[in-house]
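Enquirer: Since the structure of chain Z is already known, use the hints to place chain B on it.
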Amino acid sequence: DSGVTQTPKHLITATGQRVTLRCSPRSGDLSVYWYQQSLDQGLQFLIQYYNGEERAKGNILERFSAQQFPDLHSELNLSSLELGDSALYFCASQPHRGEKNTIYFGEGSWLTVV
Amino acid sequence: DAKTTQPPSMDCAEGRAANLPCNHSTISGNEYVYWYRQIHSQGPQYIIHGLKNNETNEMASLIITEDRKSSTLILPHATLRDTAVYYCIVRASGTYKYIFGTGTRLKVLA
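Chains as they are written, first to last, in the numbering used here: chain Z, 397 to 510; chain B, 91 to 200.
A couple of the hints might just be wrong.
Said to hold, decoys possible - Pairs of lysine-lysine residues, derived as DSS-like cross-links and limited to a Cα-Cα distance of at most 25 Å, are as follows: (1) Lys453(Z) with Lys187(B); (2) Lys142(B) with Lys187(B); (3) Lys159(B) with Lys187(B); (4) Lys93(B) with Lys453(Z); (5) Lys142(B) with Lys93(B); (6) Lys197(B) with Lys93(B).
Quick caveat, the hints were computed from the structure, so don't treat them as lab data.
Bound-form chain B, shown alone:
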């Protein structure tokens, strides 16, 4: 499984876009990039995933570089409720292990 590297913490002003980077330089062709977040000690919540193309849903956007070695999760208008630990995960197609790293602790400031 490809490993991911994320900054341990980030701050973002409320109402601004939060851009969370993830490095997955050893990703292989059949590995998807997933993002989850965990608010306090609640169960992790699925945000978005992608393979090659950029993706957008009601929660966020996922930008994957052309070489797929890194990606960025964008929360377009961060709110205080977005304060959480954000996990970037890569998972190979056809496998069943979602391996979580240490994540990025995002703090949204009023």
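For reference, chain Z alone in the conformation it holds in the complex:
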């Protein structure tokens, strides 16, 4: 158990809909990362937040947005969903100090768009 919690674990929704994925980082971790992993694909970096501020951006679509709240949990919002958005979405968190070179992943949220 990495200590990173993601909800929901599984989600099925229809095209055109909007969903929100939630991530609670490890206690004390200030950084949160979001990744997307489509079937048989590698992990695509989407976005990173540090203490509420966006720090780095990857291949995140304009239909997707994220934020990190004062309690450090993060949400990834996916809107106008398409079939191709079906994927496993991972959140990871990173310590502020100590083992700050490593990131710890949650178990992911499976999104199926039908």
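Expert: Frame of chain Z; chain B shown alone:
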């Protein structure tokens, strides 16, 4: 960010050492080499990282060539539970993007 190249798949006999290579010929001086693995569709798991020197921990050893253009992850006594996709990543110091490639699918055979 430096790109990495890994063989798509490898087999290893149970109990033997698994040596997973990674090429990162465009790595620059401040870029670390990280290894993660993903078992089935679980969240990736950190294994080890290094900058210049070889590193060892309870999971594995990391050997980085003197010119830093390649590295090898060594699992000293592979078990069936080590069957996974292994990712080699380089990350520049002070940046925040961990960019995963396609990895090596290691299959440990009984």
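Enquirer: Next, verify each hint and record whether it holds.
Expert: Evaluation of the provided hints:
1. Lys453(Z) with Lys187(B): 8 Å, holds
2. Lys142(B) with Lys187(B): 20 Å, holds
3. Lys159(B) with Lys187(B): Between Lys159(B) and Lys187(B) the Cα gap is close to 20 Å, so the pair holds against 25 Å.
4. Lys93(B) with Lys453(Z): Holds, at about 18 Å.
5. Lys142(B) with Lys93(B): 17 Å, holds
6. Lys197(B) with Lys93(B): 24 Å, holds
Checked against the numbered hints listed earlier, the structure breaks none of them; every hint is satisfied.
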